[in-house]
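Asks: The opening residue of the sequence shown carries number 0 in numbering that gives the first Met the number 0; numbering runs sequentially from there.
Simulated from the structure, these hints should not be mistaken for laboratory data. Among these hints, one or two may not hold up.
[As the list claims (entries may be wrong)] Estimated spans, in silico, between C-beta atoms of each pair:
no.: 1; residue 1: K69; residue 2: V155; range: 38 to 48 angstroms
no.: 2; residue 1: I116; residue 2: T140; range: 48 to 58 angstroms
no.: 3; residue 1: A108; residue 2: V144; range: 34 to 44 angstroms
no.: 4; residue 1: A22; residue 2: I83; range: 16 to 26 angstroms
no.: 5; residue 1: K27; residue 2: S2; range: 12 to 22 angstroms
no.: 6; residue 1: L121; residue 2: K74; range: 37 to 47 angstroms
no.: 7; residue 1: H114; residue 2: R30; range: 43 to 53 angstroms
no.: 8; residue 1: L5; residue 2: K105; range: 51 to 61 angstroms
no.: 9; residue 1: A67; residue 2: L134; range: 21 to 31 angstroms
no.: 10; residue 1: N148; residue 2: K27; range: 31 to 41 angstroms
no.: 11; residue 1: A79; residue 2: L146; range: 21 to 31 angstroms
no.: 12; residue 1: H145; residue 2: E49; range: 33 to 43 angstroms
no.: 13; residue 1: E73; residue 2: D109; range: 52 to 62 angstroms
[Claimed, not checked] Below 35 angstroms or equal to it, Euclidean Cα-Cα: the simulated DSBU-like pairs (lysine-lysine) are:
no.: 14; residue 1: K115; residue 2: K53
no.: 15; residue 1: K105; residue 2: K27
no.: 16; residue 1: K143; residue 2: K117
no.: 17; residue 1: K124; residue 2: K65
no.: 18; residue 1: K53; residue 2: K27
no.: 19; residue 1: K69; residue 2: K53
no.: 20; residue 1: K135; residue 2: K124
no.: 21; residue 1: K69; residue 2: K135
no.: 22; residue 1: K115; residue 2: K135
no.: 23; residue 1: K60; residue 2: K76
no.: 24; residue 1: K105; residue 2: K76
no.: 25; residue 1: K74; residue 2: K125
no.: 26; residue 1: K125; residue 2: K27
no.: 27; residue 1: K60; residue 2: K115
no.: 28; residue 1: K74; residue 2: K135
no.: 29; residue 1: K143; residue 2: K125
Ideal placement from N, C-alpha and C gives every residue a C-beta, glycine not left out.
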Amino acid sequence: MLSPCLFNLYAEYTMRNTRLVEAQAGIKIARRNINNLGYADNTTLMAESEEELKSLLMKVKEESEKVALKLNTEKTKIMASGPITSWQIDAETMETVRDFIFWASKITADGDCSHKIKRHLLLGKKAMTNIDSILKSRDVTLPKVHLVNAIVCPVVIYGCKSWL
């Protein structure tokens, strides 16, 4: 159990020492500069340009090496909303991708979210199937309506604000 805790401490220490919060690189959201998102043992770096992203990635790599952590270039992926050249770090080529999974959501280079909407509709259908026997009983009662509202609707509309 100690190993994951130590990794998290080292990763947090490394990210703080990169001083990415102070960097001007990143994307602007609600007048704030966002250049990294962390979740578990993954970090997503974001930038407006290829040069900015390379700068951020090199800062993370350099700070990681100071505490004996190595950037896994096989797991590092690059995604851009526009054309991108081949990426290399220390003579190793980074794979470019058209999409990736972040917080259980598929992020695509073109911003398409139709797959997420379809997935939630399928989950809603599955939830309806799970309570099908109750719903098919002859008694159409208010509790059935409450059941659908409590079980099915939240599954279908979960995360819908991000679909816009």
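Asks: Hint by hint, note whether the structure agrees.
Replies: Okay, the hints, checked on the actual structure:
1. Between K69 and V155 the Cβ separation comes to about 43 angstroms, which falls inside the hinted range of 38 to 48 angstroms.
2. Evaluation of the 48 to 58 angstroms hint for I116 and T140 yields a failure: the beta carbon distance comes to about 31 angstroms.
3. The hinted range of 34 to 44 angstroms is satisfied by A108 and V144, whose Cβ atoms lie roughly 41 angstroms apart.
4. For the pair A22 and I83, the beta carbons lie near 21 angstroms from each other, so the given range of 16 to 26 angstroms is met.
5. Our hint of 12 to 22 angstroms for K27 and S2 is violated, since their Cβ atoms are close to 37 angstroms apart.
6. Range check, L121 to K74: Cβ separation about 29 angstroms, and the 37 to 47 angstroms hint is violated.
7. Between H114 and R30 the Cβ separation comes to about 30 angstroms, which falls outside the hinted range of 43 to 53 angstroms.
8. Taken as a hint, the range 51 to 61 angstroms is violated for the pair L5 and K105, whose Cβ atoms sit roughly 31 angstroms apart.
9. At about 58 angstroms, the beta-carbon gap between A67 and L134 misses the expected band of 21 to 31 angstroms.
10. For the pair N148 and K27, the beta carbons lie near 38 angstroms from each other, so the given range of 31 to 41 angstroms is met.
11. Separated by about 45 angstroms at the C-beta atoms, A79 and L146 break the suggested range of 21 to 31 angstroms.
12. Checked against the hint of 33 to 43 angstroms, the pair H145 and E49 fails, with Cβ atoms roughly 52 angstroms apart.
13. Range check, E73 to D109: Cβ separation about 26 angstroms, and the 52 to 62 angstroms hint is violated.
14. A threshold of 35 angstroms between alpha carbons decides the hint, and for K115 with K53 the separation of about 30 angstroms falls inside it, so the pair holds.
15. Only pairs whose Cα atoms come within 35 angstroms are accepted, and K105 paired with K27 is accepted, the gap being roughly 21 angstroms.
16. Between the alpha carbons of K143 and K117 the distance comes to roughly 25 angstroms, so the proposed pair stays at or under 35 angstroms and holds.
17. Using a Cα cut-off of 35 angstroms, the hinted pair K124 and K65 is violated, with the two alpha carbons roughly 51 angstroms apart.
18. Among the hinted pairs, K53 with K27 is consistent with the structure: their alpha-carbon atoms are about 18 angstroms apart, no more than 35 angstroms.
19. A distance of roughly 16 angstroms separates the Cα atoms of K69 and K53; the hinted pair therefore holds under the 35 angstroms criterion.
20. Restraint check: the Cα-Cα separation between K135 and K124 comes to about 15 angstroms, which is no more than 35 angstroms; the hinted pair holds.
21. For the given pair, K69 sits about 57 angstroms from K135 by alpha-carbon distance, which is inconsistent with the 35 angstroms threshold.
22. With a CA separation close to 29 angstroms, the supplied pair K115 and K135 stays within the 35 angstroms bound.
23. Under the criterion of a C-alpha separation no larger than 35 angstroms, the hint pairing K60 with K76 is consistent with the structure, at around 14 angstroms.
24. Taking the CA atoms of K105 and K76, the gap is about 14 angstroms. The hint holds against a cut of 35 angstroms.
25. For the suggested pair K74 and K125, the alpha carbons sit about 34 angstroms apart, so the restraint of at most 35 angstroms is met.
26. A hinted pair counts as satisfied when its Cα atoms are at most 35 angstroms apart, and K125 with K27 does not qualify at roughly 38 angstroms.
27. At most 35 angstroms may separate the alpha-carbon atoms for a hinted pair to count; K60 and K115 meet this at roughly 33 angstroms.
28. Restraint check for K74 and K135: not satisfied, since their Cα atoms lie roughly 49 angstroms apart, outside the 35 angstroms limit.
29. Restraint check for K143 and K125: the C-alpha separation of about 16 angstroms stays at or below 35 angstroms, so the hint holds.
Checked against the numbered hints given earlier, the structure breaks hints 2, 5, 6, 7, 8, 9, 11, 12, 13, 17, 21, 26 and 28 and satisfies all the rest.
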